[in-house]
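Asker: Spelled out, the chains give:
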Amino acid sequence: MSQHRKANMTSQSAIDLGLRAGLLLKQLFAGPHRNKRIAQRLMISVAMAKQLQAGDGWTVARLNQAIDAFGDEFVRFVFQPQARSFDLQAELAEIRATLAEITQRLDAADGSTVDQCFLVTDGGTLHAAPGGLSDAVRRILGCSPLVEADLLAYGLSMFGWLGIVVRPNRSVRVLYAEGVLDSLAAARCGEWIRSRAAHLSGVGRDVLIDGKWVPTAAAEPLRAAALIESAALLPARPSPWKIDRLPLDDALEYPKFRDLLQAYSNLPKEAWALVDAAHDLGVYATSSVVEVAAEGVISRWVGQRLGLREAQARIGTNIMTRVDTRYADMVVRRCREARLGPTYYELDISIDGEPIKYRSLALPDGGPGATGMVLTSSEILWRERVGTG
Amino acid sequence: MTHFLNAFQQAPLLGGELRKDVGRRMLDLVANLERSGLTAHLGSSLAPIVEIQAASESSGGHMRLFHLFNPRHQRNVSPANTIILVVERDGIPAGCCGARLLTIDGTLREALEEATILFNDRRLMPAGWSCRVTAEAATRVRDCEIAWTGAIHVTPAEARIERHEGRSGMLVETMLRLLHAHLVAHWRMQWLVGLCREPVMRFYGHTVYGYASADRGVWLADRGYYLMTSSLAYARSLYLSPSITDISRPLGLPNEALRA
Chain D
1 MSQHRKANMT
11 SQSAIDLGLR
21 AGLLLKQLFA
31 GPHRNKRIAQ
41 RLMISVAMAK
51 QLQAGDGWTV
61 ARLNQAIDAF
71 GDEFVRFVFQ
81 PQARSFDLQA
91 ELAEIRATLA
101 EITQRLDAAD
111 GSTVDQCFLV
121 TDGGTLHAAP
131 GGLSDAVRRI
141 LGCSPLVEAD
151 LLAYGLSMFG
161 WLGIVVRPNR
171 SVRVLYAEGV
181 LDSLAAARCG
191 EWIRSRAAHL
201 SGVGRDVLID
211 GKWVPTAAAE
221 PLRAAALIES
231 AALLPARPSP
241 WKIDRLPLDD
251 ALEYPKFRDL
261 LQAYSNLPKE
271 AWALVDAAHD
281 LGVYATSSVV
291 EVAAEGVISR
301 WVGQRLGLRE
311 AQARIGTNIM
321 TRVDTRYADM
331 VVRRCREARL
341 GPTYYELDIS
351 IDGEPIKYRS
361 LALPDGGPGA
371 TGMVLTSSEI
381 LWRERVGTG
Chain R
1 MTHFLNAFQQ
11 APLLGGELRK
21 DVGRRMLDLV
31 ANLERSGLTA
41 HLGSSLAPIV
51 EIQAASESSG
61 GHMRLFHLFN
71 PRHQRNVSPA
81 NTIILVVERD
91 GIPAGCCGAR
101 LLTIDGTLRE
111 ALEEATILFN
121 DRRLMPAGWS
131 CRVTAEAATR
141 VRDCEIAWTG
151 AIHVTPAEAR
161 IERHEGRSGM
171 LVETMLRLLH
181 AHLVAHWRMQ
191 WLVGLCREPV
201 MRFYGHTVYG
211 YASADRGVWL
221 ADRGYYLMTS
231 SLAYARSLYL
241 SPSITDISRP
251 LGLPNEALRA
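As they're listed, the protein sequences go chains D and R. Heads up: the first sequence at position 149 corresponds to 149 in this note's numbering, and the numbers run straight through without jumps. Heads up: the second sequence at position 240 corresponds to 240 in this note's numbering, and the numbers run straight through without jumps.
Keep in mind the hints are simulated off the structure, nothing from the lab. Being a predicted model, the structure only gives us computed values, none of them experimental. In this text, a Cβ means the ideal position worked out from N, Cα and C, and glycines have one as well. Treat the hints with care, since some could be wrong.
What the hints assert, rightly or not - Sample of chain D residues at the chain R side, in silico, Cβ under 8 Å: (1) Phe-74; (2) Cys-143; (3) Glu-148; (4) Asp-150; (5) Ser-157; (6) Phe-159; (7) Val-180; (8) Ser-183; (9) Ala-236.
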């Protein structure tokens with residue numbers, strides 16, 4: 001076998017190595033047109049550049065190519081992850097965090113009711129925060145108590161840091177700011193969650209969006225770890241969202257909306273009647289159905305022609321476990337509003353970082369009420385696919 | 001009003017490492033203020049400026065309220081087009097400055113002479129008001145968004161404290177750096193613009209306010225002013241730079257290496 005022949009690596013360490021290599025590419029090529037810039041630098045296709053960032057396709061030959069291109073920095077980051085420990089302060093912070101965790105666990109065994117807090121800074125260093133997250137941010141930034149600002153929000157928003165709060169009942173809340181989460185901090189948090197997955201009951205996120213905390217639904221730990229790492233890859237919101245509620249009469253210009261409104265008016269207000277009618281009218285492929293319940297809004301159907309990524313995987317999940325929290329929060333609010341009566345909107349927004357403009361008619365199935373199904377039918381006016389090369 | 005850092009943290013026009021670097025610089029500037037007993041707040045109402053002006057006039061100070069910051073002449077003030085920075089000592093205003101985001105259709109010269117930006121409605125224009133513009137920059141700035149900075153004032157009481165503590169000018173220098181850094185991090189605009197009289201231009205225009213150019217030639221009711229301008233690129237390179245935290249260092253000077 002030629003030494004230059006592609007050799008795919010399959011062991012766990014090789015997978016870790018690929019992930020670290022992908023992570024470093026994201027760090028080195030932060031900003032717009034990342035795929036193209038990586039492709040140019042490594043003289044590969046854009047598709048391969050995307051694959052490499054995801055940690056796939058790292059053959060021995062590809063690693064050699066990257067070492068040639070990026071030199072010692074690549075070797076240190078990918079092959080010597082412990083190299084971070086050369087930073088004595090970071091190493092000490094990690095040891096303190098581990099000790100704090102052990103102490104708190106012992107306290108918990110004694111019936112302690114204290115939250116356990118950790119702060120992950122932008123290098124991916126985990127710091128114990130026995131005095132709470134705000135206190136830890138203040139300490140790490142070297143800020144005097146005189147500064148009256150909300151330094152937790154500032155630390156998460158400006159530096160991409162991430163907070164972890166472990167409740168006495170073993171549930172976890174992870175706090176970060178939308179669009180700025182540092183990928184190394186997210187990766188460290190993901191690693192922390194995975195290593196304790198068996199001991200955690202569920203992981204929810206609190207996402208800082210436009211200065212407000214938006215809580216997400218708790219997810220199973222391994223899924224939450226993946227969500228947090230994915231959140232670090234979401235691009236910053238490209239432009240301000242524009243969401244306009246339009247008169248219902250405006251919907252009549254589209255035949256499918258007209259048919260749906262007619263069906264809504266004529267049908268008996270019984271559960272599933274509208275959903276069945278949408279199916280019969282042939283608009284199911286561009287519609288979605290959610291169940292609005294007291295505990296959350298659950299996706300029940302996503303039309304294949306809506307073009308949403310991982311559409312089928314979304315069915316049956318709480319919408320507030322989606323990685324794009326701003327979009328999820330908007331959908332939930334709109335669905336709850338539509339349970340009270342039909343709504344018609346024009347939305348110029350982004351979904352998972354992809355700009356899209358569409359009109360959307362939302363109708364309550366089975367008549368108005370706080371809980372029940374909502375059928376949403378959409379007409380996409382414009383969309384931009386990001387990262388498809 | 002919101003604490004400056006809480007308002008700054010959105011910073012949609014800063015990305016990557018620059019965001020982190022600027023985050024630390026703003027923290028340094030704010031911490032420096034707070035060590036002197038001052039707290040910076042941001043808001044979008046013109047009311048605090050009117051109050052500061054009234055209080056200042058009654059205590060022997062002098063503060064002109066330019067049309068763009070006078071609520072009697074402005075009816076479209078909103079968070080999207082107005083930022084007011086107020087610095088307080090023990091809850092009492094010590095200084096202020098502000099900025100308005102304006103859309104210029106045609107040239108800035110036309111917008112000023114025709115009073116389309118200084119008054120929301122021509123009926124709000126005082127009798128006999130006139131504006132003549134010969135400044136060359138006013139024809140260069142055209143069909144774009146500009147941030148107009150003004151309402152810069154330090155109260156007489158705070159000026160006395162500064163003199164007593166041997167740090168005269170610190171507040172106005174810090175306020176302008178905070179405000180302009182906030183503008184380039186938040187507003188999509190192409191120019192920073194301001195008007196000032198000649199003595200102010202000489203002492204403050206470049207080294208304290210940080211404007212790149214000063215053009216003589218704006219006459220408002222027969223009083224001559226200088227039109228101060230900075231392109232967005234210049235403003236970003238200045239107000240987001242590491243040297244911004246060194247208040248003892250005047251703005252707009254070449255770096256050490258260049259001077260050597």
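Asker: A separate judgement is required for each hint: does it hold in the structure or not?
Answerer: Checked hints:
1. Phe-74: violated (19 Å)
2. Cys-143: With Cβ-Cβ at 6 Å, under 8 Å, it holds.
3. Glu-148: holds (6 Å)
4. Asp-150: OK, holds: Asp-150 of chain D within 8 Å of chain R, min 5 Å.
5. Ser-157: Ser-157 of chain D check passes; min Cβ-Cβ to chain R is 4 Å, inside 8 Å.
6. Phe-159: Hint on Phe-159 of chain D: holds, closest Cβ of chain R at ~5 Å, below 8 Å.
7. Val-180: Because about 7 Å separates Val-180 of chain D from the closest Cβ in chain R, which is inside the 8 Å limit, the hint holds.
8. Ser-183: Nearest chain R Cβ about 11 Å off; hint violated.
9. Ala-236: Where the cut-off is 8 Å and the nearest Cβ of chain R is about 6 Å from Ala-236 of chain D, the hint holds.
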